[in-house]
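Asks: Listed below, chain by chain, are the residues.
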Amino acid sequence: MSDPRPGRRLLTASTGHDGALLEVDDFRTHFDTPDGLVKAVDGVTFSLERGKTLGIVGESGSGKTVLARSIMGLLIGKNVIRSGSATYNGDELVGAGKSQLRALWGTEMAMVFQDPMTSLNPVMKVGRQITEGLRYHLDLPKGEANEQAMQLLDSVGIPDAKRRITQYPHELSGGMRQRVTIAIALACGPKLLFADEPTTALDVTVQAQILNLLNQQQRERHMAMVLVTHDLGVVAGRTDEIAVMYAGQIVEKAPTHSLFANVRMPYTEALLKSIPKLEQPSHTRLQIIGGRPPDLIHPPPGCRFAPRCPYAQPKCHTEPPPLQEAETPGHLYRCWFPVGTDAGREALAKNLAHHVPAAEAAVTGDPVMAAKVELADVPGGGV
Amino acid sequence: MSIITRAGKNTVPVPATLVTDTDEAKPKRASVLGFGGWLASLWLILISTSAIVASWLPLDEPGITDFTVLANNSPPFEAGHVLGTDEIGRDILSRIVYGGRVSLVVAVGVLVIGMLVGGTIGLLAGFLRGKAEVVLMAIVDIFLAFPALILLIAIVAFLGADLFKVVLGISLVSIPAFARIARATTLTFSQREFVLAARAAGATRSRILVREILPNVILPLLAFGLLVVGIAIVAEGSLAFLGLTSQETISWGGMINGGRKPLQLENVAHTAMIPALVMFLTVLSVNMLGDRFRAAFDVKEAAL
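In the order they appear, the protein sequences are chains Y and X. Numbered per the working numbering, the first sequence finishes at 383, counting up by one with no gaps. Numbered per the working numbering, the second sequence finishes at 687, counting up by one with no gaps.
Check each hint, because a few of them may be wrong.
[To be verified] With a straight-line Cα cutoff of 27 Å, these simulated DSS-like cross-link-like pairs (lysine-lysine) come out:
#1 X:LYS514 / Y:LYS78
#2 Y:LYS315 / Y:LYS273
#3 X:LYS514 / Y:LYS98
For the record, the hints were derived by calculation from the structure and aren't laboratory data.
Could you put the whole structure together from the sequences, leaning on the hints where they help?
Replies: Structure below.
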């Protein structure tokens, strides 16, 4: 792909080549299916230093989970095609052998999974699930491993660790189980932690606790953390940098504060708008993003968000916008008519004048209009 | 309760007994076995222990004809034989107890061989996928395509009729079923996130198979195995009834066969009926326990 990426050069320059723990460059993961090549991750570039947290945000099917698993090398199958580069501490992960990766898994990089109900082995005691890694990777004797397991449980906020290690997963609540999976992930002291929607399966009240726990552990252990989520609110206060993904690409990436202060990409704006706010009167309609994520086998030729974008102009449908830098350093976005600029305002006004459904839906919040976007999105559907 | 409070002004004081009643009625800890399950286990324990210690029990020799009894087929509680004698004057109780040995050996043998061989085949097929799965399951499907009893008769006729070979034959017939169950369960559990989590923690494939998947597969396999045991006991009985097993081995099926001819006479139904009843109760018990086991296991699954 001859996609010009002015951001890439700048990115490596700002982080320094040696400093970054994880460097991902033009990383792609495609799935070869009978229907065609599914481009789940299509040219992602970012880097992450130790002690920093990167939030990856996007709706279902945007490729964020595939990205995390693919970087780690957890995707298996003959139909998985990875290309580009992802280096951990300078070691290339793409194309690395099984034994090479196994040496990294657990001790160098670890992952916390989405659903604590299924990511623990139901027939194995909690204690043994934690000590397994310790004994296997660090060669700790049984007693020491048990001691360490209890300390870990204690550090992830599980009281009465002595009793808990003798229990089975089904005896614990969802939040507790997620704490256990975090303890397992942290057991061998990884330097890089992937948290793949760690709170999606949990109660709202527990979500904050788990996120705070992850944050606290990340700070204490000086880990790099990739926090994958579909909720911008989750990453808002807990990340140093946010990458917004859409249809397998990063469409906006910025330091957290500058992203929220200065949204450029219409998709990010739409995501932000779709979060219900406390100050809104009750029964305010939730703002939705009309349409559906694009077909990843045949993505739109221009901007991938164009079919649903309130700002979209003819140019957007034909020419893919490059990742370009905003005024604030480190803020990259992929848009021809960015939010908050004159070009963007003009484009929106033009669309409103022409009664483009996506634009009207975005401005009025009218779900009927949003539904029209959906119809327009269906091939042969039309309005 | 909620109706009363919602009524507002017309609130009726709730009788104390009502409140304490519901509070104190703590649910009894649900027993895994239940009453029927307890009876079933008692019966199985009785049958298997008596079979094991048969030589030390005060029983008549099972193979010796009691010549003091004038007529064969003497009914129960006559001439010093608790369950009577069979068509050639042998003690039925003793033969039932000794016959239990055959059923016990068949049950344990088929369970062990089926789980070991069938379980391994299924586990490997479900875990390795690809060509290994295709080849293994093709072999299994070929065996499944044969009518079991006919295949069994052929095996016994070919290999010989002693107990060891009968067990081997029945096991061979039951291996495909074990393999399929093991494969299906392995497939399900391989997809679960904890397997991926184990991989992400750096576990090797063999370690994942043995430590993560096997313990999950073995429980449903065992539950299924208990159901197969019932079928295996009947299968051995069928072979014995058809006279295809060694005539020297005392077996319930053989006893039923022996009692078949005198059935036409009057008052001698017990010769065939007692072993039939014992076999019926045994198989029923095994099935019941298998069912309870599966139910208990499923509940645990659902709670996860």
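Asks: With reference to the structure, classify each hint as holding or not holding.
Replies: Hint-by-hint comparison with the structure:
Between X:LYS514 and Y:LYS78, the direct Cα distance comes to roughly 13 Å. Compliance with the 27 Å bound is thereby established for this hinted pair. Distance hint between Y:LYS315 and Y:LYS273 is fulfilled; the C-alpha atoms sit about 25 Å from each other, no more than 27 Å. A hinted pair counts as satisfied when its Cα atoms are at most 27 Å apart, and X:LYS514 with Y:LYS98 qualifies at roughly 21 Å.
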